[in-house]
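Relying on the hints, combine the two individually framed chains into one complex.
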Amino acid sequence: MREIAVVSSAIHQVEALTFKTDVQLMVSLINEARDAVDLVQADVGFTCSGSSDFLAGQGFSFVQTLDAVGASPPINESHVEMDGAFALYEAWVKLQIGEIDIALVYSYGKSSPGSRRDVLAVQLDPYTVAPLWPDAHAVAALQARLLIESGAVTAEELAAIAVRSQRNAVGNPNALRASADVTVADVLATAVVADPLRAADLAAEADGGCAMVLAAGDRARELCDRPVWIRGIDHRIDAHGLGVRDLVTAPSATLATIHAADRAGFGADSVDIAELHAASTAQAHILTVGIGLGHDVRIDPSGGSLAGDTLMAAGLMRMAEAARQVASGDADRALAHASSGPCLQQNLVCLLEGD
Amino acid sequence: MPVNEVRGVTAKLSEQERLRADLVIAYPFTRTTGPVVGAFMTGLRDRQIVGSRRADGRVFVPAAEVDPDTGNSLSEIVDVASVGVVETWTWVDPPRPGSPWDGPHGLALVRLDGADTPMLHGVLVDSVADMATGMRVEAVWREERVGHITDLLGFVPEGTGTVDPEIGNKSAEADPVRSIRTPIRLEYDFIPSAAAQEYLRAYAEKRILGNRSPVDGAVFVPPRGVDPRSGTEITEMVELPHTGHIGNFCITHLPIPGRSDLPTPYVSAWIHLDGADIGFLGLVSGCENDEVRIGMRVLAVWKADEELGATAENILYWEPSGEPDVPVEQAGNRAWPGGEIRNA
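Protein chains in written order, with my numbering: chain A, 1 to 355; chain B, 1001 to 1344.
Hints should not be assumed to be uniformly reliable.
Residues from chain A that face chain B, not an exhaustive set, calculated with beta carbons under 10 Å [to be verified]:
1) 58
2) 70
3) 131
4) 144
5) 184
6) 197
Think of the hints as simulated: they come from the structure by calculation, not from any bench. All values reported here derive from a predicted model rather than from experimental measurement. Where a beta carbon is used, it is the ideal one built from N, C-alpha and C, also for glycine.
So that you can see chain B by itself, here it is in the shape it has in the complex (with noise of 0.2 Å):
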């Protein structure tokens, strides 16, 4: 499942004195590799590189499980060496986020000795003036190795690396390799747009602003410059009160991961802020959780002014205000009466 993270929730003021948040994408990928990539990767545990072998003899390294050009499946495993030929190569600096080299490095379409199709990794070698196409290099291994195409340090130029007398002596008793983990991690740097910034900077005044229509006066809330039934572009922007009703709401009994802050049963419930035509996400406090019902009205309980920040989470939950209920049939969006939009 993937996890999306937002670090340092509340935005801070850049220098430029605009909006911007840390933005993380983080999926924590476990993948079956099934019996071909697996014994490729049982290979590599064991320092052995292996290949599969398709009909016509021609052995595609790392091992495929399907041969492309006929869309048949391969399962014939067969050993190659762990020295080949430089194909083609670049010079990597500085190294990539992410990757497994931490200085300047080749990198190399390494076709191996026995193979008929060469494999992608790094070359490990002082300087670009190092590498050449042609090049004869051997496979240099990682110390610990758990079946990871990283348990392949990469190639060196053949002669230099240490030749380890071990090298395919397979481990007889272990499990071959089943599945591998494959996380992936993207960082972004998110920043709002226009109509997002002056939003958040509102809150930090502990005002609401929605976006007005020029279709019809429909207000949306947050405002994101657009009037989504008709795509018409929308600059206008009003302050909205603090209180409104609940439209919809749910009663969640499921912890969030890394909201430890959120003690479950939480009620999340889409708030109608009056002078508003659609709901916005708010959580419902100061009341017991079977006290919660659409229609009911509800006012916002916002942070300590010394702890207000440019963020929407300055609003802390809605609490009831004893107000009279919206009627049931009231309550809810009013910019989609019967689907269709409503007339000015």
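The following block holds chain A by itself, in its conformation from the complex (with noise of 0.2 Å):
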């Protein structure tokens, strides 16, 4: 296996980009990644993007999105309609094939303009649920009530979850929901807004995009003082069907954690912190126990999803904060998570560490 290291990474997350289009934030982020580490484009080897057409309403946005990369003379590029941390996986493959040795990963949402919790209805099974329009919040309490129910845990629990990521996110400039002294006692006040969730327990919808630089071996170390090596990484994906898989617990995140781990040469419980791509405290949960976190591990040091959920790249925003930990010194390893489809149908997981 060939030495792959994220050399830089840039975020921006705002409840809603009002006046910017996606091309214009991605202009600054893109730059901002690049310029980190001293590359332009024709540095780059591979460019690969995640976005939805769906959140903005229009076709094809991906190719307008090009225009912040810059694609004359023409770039090899690719693209995935899924968060930005699977278009991650896509270019540490074209890393580990040996062909390129850098690599351009971004990704972006702006579901602003349109009812984002309804949108997501549309992924659902056209004939049998999608025509239902149970919209994001319905799914998610389903899930939460049976977790509840099932004795694992409980609203109180959930909501500490809650608590911590508020409290954790004080400081980061990129979280939308942030409070250092907010109570399990403060949350359980709140009303509850899809029945058992609280509005504190789903994550706080936001506008935003990430651009990361990855490179491969001695010329990562020559990009920058403390390469964030990608030890493993893994994908794995359940079921569709709501009704078919246990939605207490989340088969493939575990699974893509043992297969991460076999790469790394170690696991979850052997990391000093967790990025969790979660849209609710209950999948918080459920993500802790399939994956298998220890005890001390931080988990969501920057507040993580629940903070601030840009859909399609509220994961590669969280490799990306998982990735500052490492080459900031404040971590050695590092655990980072990405999710895709209703009620973690689909996650990856990758493993970091510092030299």
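Here it is, written out as structure tokens:
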């Protein structure tokens, strides 16, 4: 296996990017990520992005976003209609093949022009489920109730996960929901918005984007002081139908962790920090158990996706936030997770390590 | 085929003096069901819920075509009961746009008697206080049924629905359901970027704006705030003349659905404004279609002053100016000569 590292990243996340297009957002983020390691697009061997046309309602919007990369002369490029974390996986494969030494990965989401919770219904079975338009909050609530009533967790414990996210998010300029002094009692005093979930249980909807530069081996060492090595990465998927799987577990997250750990030589029990991509506090709990995070692991030091969840970019942001913890020396080993599909259907796990 | 409709094409200034438009995307999908999902839909039409049985005897409801554990096809269709138990639920208030329900309702995974997997549907009770995990429910049906998931109105507490003696009496004469209509409609509040806002506002004053690149001075119209060749941000706006030439064109003989104002055949063309380095799309009129050619000089024909708005539609079309043509080899894009970024 080649050594592949995250060498730079840029993140921007706000409640709504009202007057900025996706292209304008990515111009600044892509330049920030490239400039941090003194690269221009001609140095980049492969560019891969993740986004969804349904968010802003514009077909083939990712083609326009190439304006932000600078595609002249023509570049080697690919796109996934998924979170940018899965674009990162594709770039990692390309780097492993050995054709290239440097890759640019980016993703973005601007869901504020539409009703995101309703747009997400379109990802469900188009014959028997989507025509009923179950919105994303309702689907998250069905899963959360199963979890609570299974006895695995209480509403208080879910509120504690919300509190952890908000407290950790203090000081993160890209977090939408942060509070140094919020308590479990404060959260429990708020109204239920999708029974049994409260607003604080649901990830804060955001617009934003993330760009990242990956480099191989010595090239990575030349570009930055402390490359963040991707020691293991894997993604797995469960069945689509909500009724055919056990919604209180995430077998694909467990399996992805096992395979990533196999490559990395260390597992989820020995990381210092973990960044989780969860749509709800219940999902954060399911992931913590399913991935097998140790008790002394600091979970979501940035606040995680609960503090700000840009569709299609929240997973790549988890990779970037975890990498920053390692690059700064605050952590030596980190786990970053990304998810796609309803109720944690698909999961990607990435194990990172500094030298 | 997806249909994109932009309502109120002439964007109006809102209270905040910003341009916005309603953007609606509608997909009029008709989906082929295949035999298994078709059996489920046919069953709904007959007020009979069916599932598919896999090798170990477990029954999937709704009927699944494939066993997710093995990937094996499933073809044995079995009837299940119209009564069952709520496994998990939530309460939806207010109801979501596009959903079949007009008022607040429960939403639940309901496992019917005889089924091994739960199905999603609404629970029609008065309030959230009437919902509970484990509650027994029964199906209630729409009067007019076509073979669709919404033939099932939802579930009500068992014993409170109207028990229909004809439940399960299959309409022998009717063909099985082979396709269903599942239209999707999504509504967006479209707000143009700052550069596009300025561009559209200038149109209201019969001015055409472009962006000048800091890289080499190349001018892009419409202005998008970025030089697409290098990914460099552009902030400088320049005003462009109303004259240019045709870089390329196409004569269209098929009408566009919803554009009865555009009689066929019509000519659409890449208009290269004098001073701009790329073209933008416009209609060409004021001459015979077979006179239109690459390099032809054109000028803008505007709407009457009292009809002007903040929209590119202010230019009705481009007509020949009568000036000598631009030589064909010089017509078209100038921003990418030879495929490379030109030097300043």
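A quick look at each hint next to the structure:
no.: 1; hint: 58; result: holds (8 Å)
no.: 2; hint: 70; result: holds (3 Å)
no.: 3; hint: 131; result: holds (5 Å)
no.: 4; hint: 144; result: holds (8 Å)
no.: 5; hint: 184; result: violated (22 Å)
no.: 6; hint: 197; result: holds (8 Å)
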